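Residue numbers (my numbering), protein chains in the order written: chain A, 71 to 376; chain B, 193 to 385; chain C, 68 to 514.
Hints in this document: simulated from the structure, not taken from any laboratory. For clarity, every value in this text was computed on a predicted model and none was experimentally measured. Some clues are possibly wrong.
To be verified - To give a feel for the contact side, a few chain A residues facing chain B, derived at Cβ under 10 Å:
| no. | residue |
| --- | --- |
| 1 | Met71 |
| 2 | Glu95 |
| 3 | Leu110 |
| 4 | Leu137 |
| 5 | Asp140 |
| 6 | Leu320 |
| 7 | Pro322 |
| 8 | Ala323 |
Even for Gly, the Cβ is constructed at its ideal location relative to N, Cα and C.
Take a look at the letters that make up each chain.
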Amino acid sequence: MNRHLISAADLSLDDAVAILDTAEELARLAERPIPKLPTLRGRTVVNLFYEDSTRTRISFEAAAKRLSADVINFSAKGSSVAKGESLKDTALTLQAMGADAVVIRHGGSGAPYQLTNWIAGSVVNAGDGTHEHPTQALLDAFTMRRRLGRLDGLRVAIVGDILHSRVARSNVWLLHTLGASVVLVAPPTLLPVAVGAWPCSVSYDLSAVLPQCDVVMMLRVQNERMTDAYFPSVREYSRRYGLDDERMGLLPAHAIVMHPGPMNRGVEITADVADSPRSTIVEQVTNGVSVRMAVLYLLLGGTEAR
Amino acid sequence: MPDDVPETGRRPAGKQVLGPEEIRRALTRIGHEILERTEGAADVVLLGIPTRGVPLARRLARRLTETEGVSIPVGSLDITLYRDDLRLRPARTLGHTEVPPAGIDGRIVVLVDDVLFSGRTVRAALDALGDLGRPRAVQLAVLVDRGHRELPIRPDYVGKNLPTATREEVRVRLTEVDGEDSVTLVAGGQAAR
Amino acid sequence: MSTSAETESDWVIRGASLTGGDPADITISGGLITAVGPAGTASQGRARVLDATGLIALPGLVDLHTHLREPGREDAETVATGTAAAALGGYTAVHAMANTDPVADTAGVVEQVWRLGQQAGRCDVWPVGAVTTGLGGTALAELGAMADSAARVRLFSDDGQCVADARLMRRALEYVKAFDGVVAQHAQEPRLTEGAQVNEGEISARLGLTGWPAVAEEAIIARDCLLAAHVGSALHVCHVSTAGSVEILRWAKAKGWRVTAEVTPHHLLLTDELATGYDPVFKVNPPLRTAADVAALREGLADGTIDCVATDHAPHPAEAKQTEWGEAAFGMTGLETALRVVQQAMVDTGLLDWAGVADRMSLRPAVIGRLRDRGPGAADTRQGGPVAVGYPANLVLYDPAPGLPVDTGTHASRSRNSPYAGMKLPGQVIATFLRGTPTVLAGRLVR
């Protein structure tokens, strides 16, 4: 495995399976009386968050702490970053502090990649702009494998704002690597023009796709899309691309419903769907910690490849 | 435990010190000793340390069932996350930890491994065990004790005491993992790591 | 202009291949070319001799599109450092873009830039005037006053911004007819490129960077060609970057409309694949496009659909580039590498010979910039060649043989944002003469 986790596209099949298998073992350890492990004692993990994302930060923090790493949370708000310090200078500061890993969430695509130029330790992408969110895709794949027993040959629909979704990008690459077949469902305005080059198929019709799905993953519709002519109205979007009880009935009996959160209940997903037994939304959160533990262990648990 | 990376395929060149029959006899003797020392093994839980400690623990349990009619819970205890030498090698894939449903609290846990060398694996296993529960006692069974301890640890049950030089390597092969039963002493430098 | 002792010197340049032809001796006296004859025939007299065996002599290069940054961003470039960079690249004239601070939208600012160029003395600096006040896109700047000023502005551009308002663009095109001006359009439909970072396509989709669609350039070029035809004016299109743009220009030229266009060296060589490392040194506007676009641009330059090469030399301080891609400034330096890139992209590929290079990098830009008839005055500031008797001795001597990595440490530009740093490129500028005065000798700045 690489020293960094920047993009799900960089993961080989062996890498991806190793992460999922490791996460599986770690998930079982979480059920013990003492879920803490001494593995990363003396290692320092910095959570460098330029965007507010309490859920992702807490998930990484819990993962690092269960492996006994020291965790430093560095939020851009109220710090030197807010006073105009550049990413490079922040990186050099963290480097000087001896960070073994930097978990970075950033509004700009590619910022984690650039960070690797300035940091000797490992960089973990916790979501960059509209680029990728690889640990989210890994926890999604983990959840699918736990629920459905396999990934190879699974048919997965990802529905919503593909154009701006880092979750969708990471999932497309990872699921392709793992042998699942992905169909993206969205209004044409919310698909990249070059989506044809991606290893997946595309549909504009959610109802037509659902009967052939093992998994349907609903993406959040950002508020700012609602006013920028990507679609005429929230109501029309919900009617065409939202998942309600009736549409959920089109799914095969075994199929599951996923959402990376946070949800817009009533927009892309109705409350009864979100709370149904098919929904894995709460499991996804739990699984996130195991998957992030696996990533931190595999990146930091061995020789420093410096 | 010098060989936690499964060595499949080629048989190692070197001097064979135990063959299938000797391994069988060694396990039988260990089984008897466990019965004696634990008053019929009523509260015993066998935990094998991956990779080759696990099939050894299973064989021990089977032997006790066959010869004495006692049913002994078997599990596995992966110690990777507790190792003190993680930084010396690339991150390892985790072995499986499987604690029998009845748990280990109040039980006599017998840790089973193939080779006892520095004692660091056992130290890690004791740490891992501590996070799983609170056994009444912990004992250690090994197929081979090759000496050179670096920690105050000693086995309760030994299949064979094997004097070795530090540079030599002890290769244990088991049918379940390697397709045959053998213990080989490989001269230093020959070992392909 | 400058009156150092060297200006007074006469020169004999021996054995240079004239725009790639037979070796010739070129005699320079009083700032003019006084003789051109077969190699070994020129008499030395008291002239200094430069052995140019194996070198190619081209007329001094003319850049239609340079950002000298002064006034306002002297941390990135000054007229002095920018013209030094130009001389090292073989240029004898550059057009300084108007997006300075303050904007070059009045006679006062363009005269200031022009005077700074006179003082620097390493190459002629012809200021470009802004089309709209403050590049604001709403009101015409005082185009006539800039045309009548000492800077004699003929090229007008809001470069960096597109004159997006069709009615304002029409008025500008019409208005400059009064003084033979030309409007150089930065073709970028603003609504289609809000937040745009890289070429829209496979790479932008993968990198999650907002796409800059080709259509945003092509739609404006098509509109402006139609406007120029309608009002009978001259349109120049800056930094053409897409295959579709070449097609539209080919069509407009076939109609006989007065449309000219430039392409940058980087769009002739580099593609958007380079963005995959998120290194903002490759961030430029318009963005690097695809290999198919590069091929079409080369073809367009070879067949004359695109008239000339212009550098869009856009220096930026290190901190503007060592940052997140989305935050980083657009632009690349280019003056010091342009000829080498053109050799690699056009000459070594067989698409253009050296006479063609002289045409696309000297004569055509001089024609478009209205520099053919800028004399006689205090000095004969005609540019664009040819290397012939009676013309100003503006020359570049170029060695096409070396293939060394680009070392930005040797660059005279104040900025280091060259996308070619470390890249092997052919050729080396050996000497540059501005009206008989060497500005570069042995590959180094004179003085």
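Status of the hints after comparison with the structure:
1. Met71: holds, 8 Å
2. Glu95: holds, 4 Å
3. Leu110: holds, 9 Å
4. Leu137: Hint holds; Leu137(A) Cβ to chain B Cβ min 8 Å, cut 10 Å.
5. Asp140: violated, 16 Å
6. Leu320: The hint is violated - Leu320(A) has no Cβ within 10 Å of chain B, the shortest such distance being about 39 Å.
7. Pro322: Constraint on Pro322(A) not satisfied, violated at 32 Å.
8. Ala323: violated, 31 Å
Consistency note: the structure conflicts with the earlier hints numbered 5, 6, 7, 8.
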